[in-house]
Amino acid sequence: MALLEIDNLHAKIDGEHGKEILKGLSLKVNPGEVHAIMGPNGSGKSTLSYILAGKDDYEVTDGSVSLDGEDLLEMEIDERAAKGVFLAFQYPVEVPGVATMTFLRSALNAQRKKRGEEEISTPDFLRLVKDKAAGLGISQDMLRRGVNVGFSGGEKKRAEILQMAVLEPKVAILDETDSGLDIDALKVVSEGVNALRSPDRAMIVITHYQRLLNHIVPDFVHVMHKGRIVRSGGKELALELEANGYAEYQQDAA
Amino acid sequence: MNADIRPIRTPAEQAILASLGGLPAGGDRLADLRRAAARSFEEHGLPHRRVEEWKYTDLRTLMREAVPLAGPAAVAQADAAARLLRGVEARRIVVANGAVVPELSDLAGLEEGLRLTTLSAALASGDEVLSRLGGILPGRYDASLALNTALAKDGVVIVVAPGAKIERPVHVAHVFAGESAAASYARSLVVVGAGASFTYAESFEGPQGLAYQANAATEFVVGDEAHLDVVRLQEDGAGAFHLATLLFDVGRQAQVHAFTLASGAAVARTSLYATLSGEGSAVGFNGASLLKDRQHNDATLFVDHQAPGCESRELFKTVLDDTSRGVFQGKIVVRQAAQKTDGRMMSRALLLGDDAEMDNKPELEIFADDVQCGHGATCGAIDDELLFYLRARGIPLTEAQSLLVQAFVGEAVETVEHDGLREALLERAEGWLKARG
Ligand SMILES: Nc1ncnc2c1ncn2[C@@H]1O[C@H](COP(=O)(O)OP(=O)(O)O)[C@@H](O)[C@H]1O
Ligand SMILES: [Mg+2]
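Chains as they are written, first to last, in UniProt numbering: chain A, 1 to 254; chain B, 1 to 437.
Just so you know, the hints here were simulated from the structure itself, not pulled from any lab data.
Where hints are given, some of them may not hold.
DEER-style ranges, computed between Cβ atoms [to be verified]:
hint, chain 1, residue 1, chain 2, residue 2, range
1, B, Thr378, A, Glu240, 48 to 54 Å
2, B, Arg436, A, Asn41, 23 to 29 Å
3, B, Lys153, A, Pro123, 54 to 60 Å
4, A, Ser121, B, Lys340, 53 to 59 Å
5, B, Gly163, A, Glu118, 53 to 59 Å
6, B, Gln77, A, Ser139, 51 to 57 Å
7, A, Arg127, B, Leu397, 28 to 34 Å
For clarity, every value in this text was computed on a predicted model and none was experimentally measured.
Using N, Cα and C, we set each Cβ at its ideal position, and we do this for glycine too.
Throw the hints in and build the complete structure from the sequences for me.
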């Protein structure tokens with residue numbers, strides 16, 4: 001049994017005339033694997049990540065998703081997080097008035113509580129965050145501020161990785177974590193992600209560009225187009241896409 | 001001609017008129033003030049929706065019960081009732097049913113430069129400071145203030161000497177203690193001398209089940225270059241009527257900040273009148289109201305820029321659950337002489353209940369040509385995107401909502417400068433959210 005199993009997933013925008021975005025998407029992810037999903041803009045990559053995280057703007061019309069054999073689509077948003085699903089947002093929102101530390105701590109303790117674990121002690125929590133933040137170049141000042149408030153694009157992405165490091169998910173979905181990063185920031189973020197690779201953790205790395213995959217080397221590469229996976233291969237597929245672009249798929253579409 | 005002929009007096013009005021009937025004849029300026037106030041009430045009665053300033057808070061309809069004037073409270077009962085802000089290091093004065101309770105009040109050992117007495121004592125001794133009382137006029141008839149002027153017999157009188165820096169806040173704890181509903185009136189006067197600094201806190205509370213009426217008015221005379229912070233916590237009982245009036249006269253280059261956290265009373269109206277009479281002052285009037293069930297809360301402000309170069313800021317946050325109703329009326333007037341005025345006013349409401357309602361009425365009246373003034377009002381539910389983000393990190397729905405509401409309210413509470421009072425208010429706001437579940 002795979003850790004995450006997506007089978008023939010069909011989904012549309014919620015509402016009477018909502019358009020269909022995912023049109024029969026299937027994917028199996030085992031512990032320890034890193035899967036890259038590449039594809040032109042508008043192919044439904046972010047939609048897939050939102051549906052996995054539980055956003056209710058979409059309606060699943062067919063297919064299934066299971067996590068450790070359990071029906072993921074039946075779970076509440078926060079329950080999915082507690083079971084180990086983590087989405088690093090393409091556009092992380094700013095949450096004024098909720099300090100990053102308060103936010104991280106509420107999230108970690110809520111997850112622990114749901115899993116029947118004890119709350120983390122204050123000193124342990126402070127040490128944990130301090131260690132992880134240092135590696136990502138996140139200052140104490142950023143931690144005291146409201147979540148993502150006044151952060152640059154790159155800082156927001158680093159903050160997402162910090163959250164992931166603190167929450168230690170089973171399946172991390174990184175939605176265009178490379179967008180808006182310069183080469184140095186890309187290195188910092190990639191190192192942060194690589195440090196979290198582990199035999200028990202799977203990652204789905206969504207990206208438009210091959211560049212990120214030089215740093216986070218995937219085990220599998222999938223091409224997504226028009227709501228389904230149209231091609232899968234090893235890491236060399238990313239290089240091929242880099243050379244040829246998505247023209248081939250876009251022509252199909254015409 | 002006054003077309004508003006109203007021959008019928010409501011039971012509540014009749015009870016108030018009976019209370020007013022006891023005013024003695026003769027006496028000094030204050031006795032004249034009282035009689036004038038009583039007469040104006042006899043003429044106008046309780047305000048109703050056709051009175052512009054009370055359009056959203058129709059007191060004539062809302063205040064149904066006729067209640068007598070409150071008698072004195074038993075000391076032990078008053079002591080038990082006064083719970084709010086006990087943890088804050090402050091000089092505490094307890095005012096029960098409109099009268100200062102000396103046994104529960106810290107009236108001795110005053111810091112140098114601080115004078116503190118009771119209104120009743122000042123009246124009895126013909127204290128010279130009372131020449132300031134009734135000196136700040138709201139510029140329009142206000143029923144709640146008129147009743148207070150006519151009927152208040154006690155309250156607190158504070159004089160801060162010029163230049164005195166009084167570190168320890170004075171906390172006036174208003175309580176209603178009694179078994180049956182009654183009306184209490186308290187009047188206070190705070191005079192802050194030139195260059196002095198002072199923090200004044202007041203709290204309001206009482207039993208949950210009674211339709212008691214708490215009417216409090218405080219006048220603040222703020223001298224040139226003085227610094228005054230006013231921090232208020234209104235948690236009157238769920239059946240109560242809370243009517244508060246704050247009057248400010250602000251001198252040259254003075255700094256005044258007032259903040260109210262309100263979550264109490266069935267019907268509450270807080271009217272704030274500020275006259276900026278000296279050049280270059282800066283005032284901030286902020287508040288947060290937390291409403292649920294069928295609560296009605298009205299914050300009405302009137303800021304009168306008379307002198308040039310003053311800055312005024314208002315930020316009011318209202319959280320509305322269930323079928324509660326919030327009202328914000330803010331009026332900024334800029335007189336012709338008040339060039340270079342910088343005035344900004346904002347009301348933000350967060351609707352948690354589908355049937356909650358917020359009425360915003362911002363007004364600007366500008367007679368000077370070189371000014372910067374603005375106002376805004378927003379009204380909406382919790383942002384779904386933010387809620388999703390928090391939940392996607394594992395925070396359950398109600399906790400995520402609480403965090404976001406707290407953040408919303410926090411922006412206003414954070415403007416309270418005094419650490420102890422700010423922490424205490426944040427805690428009260430948190431408590432309100434926890435109780436909501
Ligand atoms: N909430 C939504 N409402 C309307 N259209 C949406 C919504 N979410 C996604 N779409 C549309 O669905 C398609 C796929 O979008 P998205 O999942 O963001 O693609 P990608 O991440 O691959 O660029 C696009 O055409 C987009 O406009
Ligand atoms: Mg996308």
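Status of each hint after checking the structure:
1. At roughly 51 Å, the beta carbons of threonine 378 (chain B) and glutamate 240 (chain A) sit within the given window of 48 to 54 Å.
2. Taking the beta carbon of each, arginine 436 (chain B) and asparagine 41 (chain A) are about 42 Å apart, not inside 23 to 29 Å as hinted.
3. Between lysine 153 (chain B) and proline 123 (chain A), the C-beta spacing of about 56 Å keeps the proposed range 54 to 60 Å intact.
4. Checked against the hint of 53 to 59 Å, the pair serine 121 (chain A) and lysine 340 (chain B) passes, with Cβ atoms roughly 55 Å apart.
5. Between glycine 163 (chain B) and glutamate 118 (chain A) the Cβ separation comes to about 56 Å, which falls inside the hinted range of 53 to 59 Å.
6. In this structure the hint that glutamine 77 (chain B) and serine 139 (chain A) lie 51 to 57 Å apart at CB holds, the actual value being about 54 Å.
7. Checked against the hint of 28 to 34 Å, the pair arginine 127 (chain A) and leucine 397 (chain B) passes, with Cβ atoms roughly 30 Å apart.
The structure is inconsistent with hint 2 alone, although it conforms to all the rest.
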